[in-house]
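Visitor: The chain contents come next:
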Amino acid sequence: MRATTALVILLPPALLLFTLFVTLPIAQASWYSLFNWNGLGPVDRFIGLKNYKWVFENAVFQRAVFNNLLVIVVSLAVQLPLALGVALLVAGGAWGSVVFRMIFFLPYVLADIAAGLIWRFMFDGEYGLVGAVTQALGTKPVYLLASDPWAFSAILAVVIWKYFGFHMMLYVAGLQGVDKSLLEAAEIDGANAWQKFRHVTLPMLGPMIRLSIFFAVVGSLQLFDFVAALTRGGPFDTTHTMVSFLYYFGITRMRVGFGSAVGDVLFVVCVAFAWGYRRWVMRDD
Amino acid sequence: MSIRTLALASCCFVALAAPGFADTTVTILHVNENKAAVKIWDQSAADYNAAHKGVKVEFKYLENEAFKAKLPTMLQSEASRPSAFYSWGGGVMEAQAKAGFLKNIKGEVADTVNTLSPTAVAAFTVDGKLYGLPFDTDAVPIFFNKALFAKAGLKPEEMRTCDGFLAGVKKLKGAGVTPIVVGAGEKWPMHFWYSYFVMRIGGAQALADAKAGKDGGFNNPTFVDAGKRLRELAALQPFQPGYASTSHAQSAAIFGDGKAAMDLMGSWLLGMQGPNASDGKGQPESNIGVMPFPTLPGGKGEIGDTLGGVHAFLVTPTASPETVDFLKFFSQEKYAKEAAEVGAYIPVVNGTAGYIKDPLVKQIAEMLAKTKYHQNFFDQDLGPSVGRVINDVSVEVAASRMTPQAAAAAIQEAEEQK
Amino acid sequence: MTEAVGVFEEVGRPRLPVAAALRLAALVVLATIVLYPLLATVLDGFKSLGELHDNPLGLPRQWDWSNYWAILGGGAYWRVLGNSLAIALATVFLTLVVGAMAAFAFAHIKFFGDRYLYAYLQLGLLFPSTAAILPVFIKVRDLGLLDSYWGVILPQVAFALSMAVLLLRNAFKQIPSELFDAALIDGCGYFRFFRHVTLPLSGPILSTVAVIGFVNSWNGYLLPLVVLDSESRYPWTLGLMAYQGQYSTSWQLVLAFITLTILPAILMFLIAQRYIVEGLTAGAVKG
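Read top to bottom, the protein sequences are chains A, B and C.
According to numbering that gives the first Met the number 0, the first sequence is numbered sequentially starting from 0.
According to numbering that gives the first Met the number 0, the second sequence is numbered sequentially starting from 0.
According to numbering that gives the first Met the number 0, the third sequence is numbered sequentially starting from 0.
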């Protein structure tokens, strides 16, 4: 069979599916975003960049962007260090390491929406863990998910609970690649535990850490399921993320032009980050 | 597992899931959670199916939020389009008609129409075209817990004016009672309060004028004042703790548990507060009172003006002829009478309101009979995009996160942008 | 598999049992925080609503099995699981077939523009499907696939292709090209080579792609939420939220439902831990 014949059979399905459901829709989103369209009937009310103006002026969207940034910052400052710390404790053969690794990884396997609902119960002012605590203390019930800013802090807590195990596993795999002889050499040279960590282990973990940051950021930009399960954007639309804003203010209200503009903005942010990060930060990995 | 087995397995699964083809199916989509009402509807469907071989009429329930979010897309694709669906009429219905999703059934139902209340039928007629058959109507009074009122030494007569109402709220707070429960997590329950303030201040013409763009449209003193009144009420902190994320069902549960004194809600609350309460039974009817929304000093609205809806099942263009036939069957006095007797809802078939036995439902029916101005829910009347905005701003104004002026301006802006 | 180098390998055997005890204490505390919500969900499904309120933290005083039996006995639970399974299996199957075909072409056949086409397919790695959800919804609607399984399966496959082709192509390239050339000379066609050489050697990478694809599809929420309308087609994620919407004031029922719907995932994880962990993390690392 000639190469050309093989190509004609092997390539088109993938290219077709990909173009039809990935690249074409993205291109069309840019087109729709220039119109005031509610998804029904012809696309005929051209308004240029007005949708983008409305998006950036929208207070809820601005809060959503802020929330997305908050997730990234907290991920990098809290979640990843926690994952690294735990990885150091369970990467080796010390007692129970394998079991603990599995326990910490377990939340990652669950669906975001299920994890979100479980924690919605935990945070419930009357029935959940929070309710139990206030009952035990004899204080009035506290409704964390109904107050700004505690509601989003609750979402942040769930993000950490669910994902730190994944990053931990990445670091465990990375620690696998640390050459023991290098550590022994450092010890011979008189390095203590902290110095060995800082000058041998950490640099060797570099590629894995950079990868982990990549996933943390991309994951943060996609946050939707937690919002849908925990707060639906409330209270007072303060816990939206860009994707949930797209869903609640674009899709459910049938403002397709407006929603497409939001999607376009999100797309540009994702691509800019992914491309720039890979090019400059992960260049040598 | 070899690839071949995987392929076979997944093909089988997907094939099994393909819909079967049997009789003509008539699907009617609705949001009613009231078990008594749904029971009557299912009964009517069963009766019709028994009498008409080869036809299967089915009522399908979809949760309120999902219904509002999904219906537009369902209407667009022939595969998922229901034969008929529950509607509150108003601007939402007009948008659906404009997009070509509704069928004009006026010619086919002339005789049935004569048996229904004329105002109800008018609510579903646009430009002379009738899109569905109405079956019930409801109103939004203030439901109150008699025992809690007594505890605070409060009499409902004191609450007929705004000043009296606010004083009453303070009395309830003083007695350690949560004055008002509102499911603000879903936003629309809060907009009931805002709507009534608009109605009491601006009277019967206020909304119509605003829609017509008179006097700045929605950006006028009536709407701003309504916002101020809402803010004034909310400043007393009358709502249950955590109200910003309470769902509608939870608010019914709170009222049913006797944890709040008042709930500004539609008559369907009577069917909800029991099942949702912690003990599954809720407040006995003897302990529930019904009173109208208070009047405002200098306001054009009267105490008898009511907020509420008329509901119909609207027909879609590709629905089978059996759909309209069933709707006519459903509009018989028999089912309306049963609904009235059981207190499931207030039917619009002429003369059947007299069969209502439940005292509270009877009281509400009387309010409806006497009212000179019955206003459809604002968020339905104004259409999908503006309606959502009025829900948004009601909650924001109540929480003092948005000024009444900004709120009125936002509604006007949404109207212009739609 | 070489064991990773944990901190205790670095510092050597802990001279003081204190260090070991501290480590254990920290890990146990963390494990409790991780596991408690899951345990609470399972146990509280056995309580009545009243007991949930009065006895939130303890074991159920009376083990009320009715919540669980009601859900297991109703049709909805099995239907949503079946839907999820059908969608996930179809997604994985299509991803593997279509992805392997393209990966094979990129790995072994040099043709004009092959680098550009490959880079094109890799574009999908730059942004998540959530960013494109609205136009994908419009596309699905325009193709008449709204409210159908294919409306969920096809976009999922399309978005999985970038990663799948990347992983598969890199794996296929590991097979020495001399072997491939020799086979061609001997008259072995592309497809026979694929069936008899490439596939058998690619077990691990195929299962990696399969695991990633299955887990992502199984846990998917936004795409089916937007595409599906009929409750009869809901996967378990939508079914869960619909159930919660209907019984929102009865937490004990919702918790029982959650428990039953995450049970398959937990069971799969317990049975195939190594498999799943390696699949999900190796995919991430190599991607």
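Misleading hints may appear alongside valid ones.
Below, simulated DMTMM-like cross-link-like pairs (lysine to aspartate or glutamate); rule was C-alpha separation at most 20 Å, straight line [said to hold, decoys possible]:
1) Lys49/A with Asp324/B
2) Lys59/B with Glu50/C
3) Lys52/A with Glu412/B
4) Lys128/B with Asp324/B
5) Lys258/B with Asp63/C
6) Lys49/A with Asp357/B
7) Lys52/A with Glu415/B
8) Lys280/B with Glu230/C
9) Lys258/B with Glu56/A
10) Lys417/B with Glu125/A
11) Lys336/B with Glu321/B
12) Lys299/B with Glu412/B
13) Lys336/B with Glu62/B
14) Lys139/A with Glu230/C
15) Lys258/B with Glu50/C
16) Lys369/B with Asp357/B
17) Lys280/B with Glu50/C
18) Lys52/A with Glu414/B
19) Lys139/A with Asp214/B
20) Lys139/A with Glu50/C
21) Lys55/B with Glu230/C
Ranges between beta-carbon positions, derived for each pair [stated by the list, open to error]:
22) Phe65/A with Asn54/C: 35 to 43 Å
23) Trp30/A with Gly53/B: 31 to 39 Å
24) Gly215/B with Asn54/C: 26 to 34 Å
25) Ser176/C with Asn191/A: 27 to 35 Å
26) Ser180/A with Ser176/C: 19 to 27 Å
27) Gly202/C with Thr24/B: 42 to 50 Å
28) Leu81/A with Gly215/B: 24 to 32 Å
29) Leu81/A with Gly212/B: 43 to 51 Å
30) Ala192/A with Gly244/C: 29 to 37 Å
31) Leu201/A with Ala182/C: 29 to 37 Å
These are calculated hints, taken from the structure and not from any lab test.
Cβ coordinates follow ideal geometry from the N, Cα and C atoms, glycine included.
Visitor: It remains to establish, for every hint, whether it holds in the given structure.
Guide: Structure-based check of all given hints:
1. Lys49/A with Asp324/B: 47 Å, violated
2. Lys59/B with Glu50/C: Since the Cα atoms of Lys59/B and Glu50/C sit roughly 33 Å apart, the hinted pair is violated (cutoff 20 Å).
3. Lys52/A with Glu412/B: 14 Å, holds
4. Lys128/B with Asp324/B: Within the cut-off at roughly 18 Å; holds.
5. Lys258/B with Asp63/C: With a Cα-Cα distance of about 27 Å, the restraint between Lys258/B and Asp63/C is violated, given a limit of 20 Å.
6. Lys49/A with Asp357/B: 54 Å, violated
7. Lys52/A with Glu415/B: Roughly 15 Å separates the two Cα atoms, so the pair holds.
8. Lys280/B with Glu230/C: 29 Å, violated
9. Lys258/B with Glu56/A: 41 Å, violated
10. Lys417/B with Glu125/A: 41 Å, violated
11. Lys336/B with Glu321/B: Outside the cut-off at roughly 23 Å; violated.
12. Lys299/B with Glu412/B: The hint is violated at about 25 Å.
13. Lys336/B with Glu62/B: 27 Å, violated
14. Lys139/A with Glu230/C: This hinted pair is violated, its Cα atoms lying about 39 Å apart.
15. Lys258/B with Glu50/C: Answer holds: Lys258/B to Glu50/C is near 18 Å, not above 20 Å.
16. Lys369/B with Asp357/B: 18 Å, holds
17. Lys280/B with Glu50/C: 17 Å, holds
18. Lys52/A with Glu414/B: 17 Å, holds
19. Lys139/A with Asp214/B: 47 Å, violated
20. Lys139/A with Glu50/C: Distance of about 19 Å is within 20 Å: holds.
21. Lys55/B with Glu230/C: 18 Å, holds
22. Phe65/A with Asn54/C: 35 to 43 Å: 40 Å, holds
23. Trp30/A with Gly53/B: 31 to 39 Å: Cβ of Trp30/A to Cβ of Gly53/B: about 47 Å, so the range 31 to 39 Å is violated.
24. Gly215/B with Asn54/C: 26 to 34 Å: 57 Å, violated
25. Ser176/C with Asn191/A: 27 to 35 Å: 50 Å, violated
26. Ser180/A with Ser176/C: 19 to 27 Å: Since Ser180/A and Ser176/C have Cβ atoms about 35 Å apart, the given range 19 to 27 Å is violated.
27. Gly202/C with Thr24/B: 42 to 50 Å: 47 Å, holds
28. Leu81/A with Gly215/B: 24 to 32 Å: Violated, since Leu81/A and Gly215/B (Cβ atoms, about 55 Å apart) do not stay within the stated range.
29. Leu81/A with Gly212/B: 43 to 51 Å: Hint violated: Cβ distance 57 Å, outside 43 to 51 Å.
30. Ala192/A with Gly244/C: 29 to 37 Å: 53 Å, violated
31. Leu201/A with Ala182/C: 29 to 37 Å: Because 46 Å falls outside the window, the suggested range is violated.
Consistency note: the structure conflicts with the earlier hints numbered 1, 2, 5, 6, 8, 9, 10, 11, 12, 13, 14, 19, 23, 24, 25, 26, 28, 29, 30, 31.
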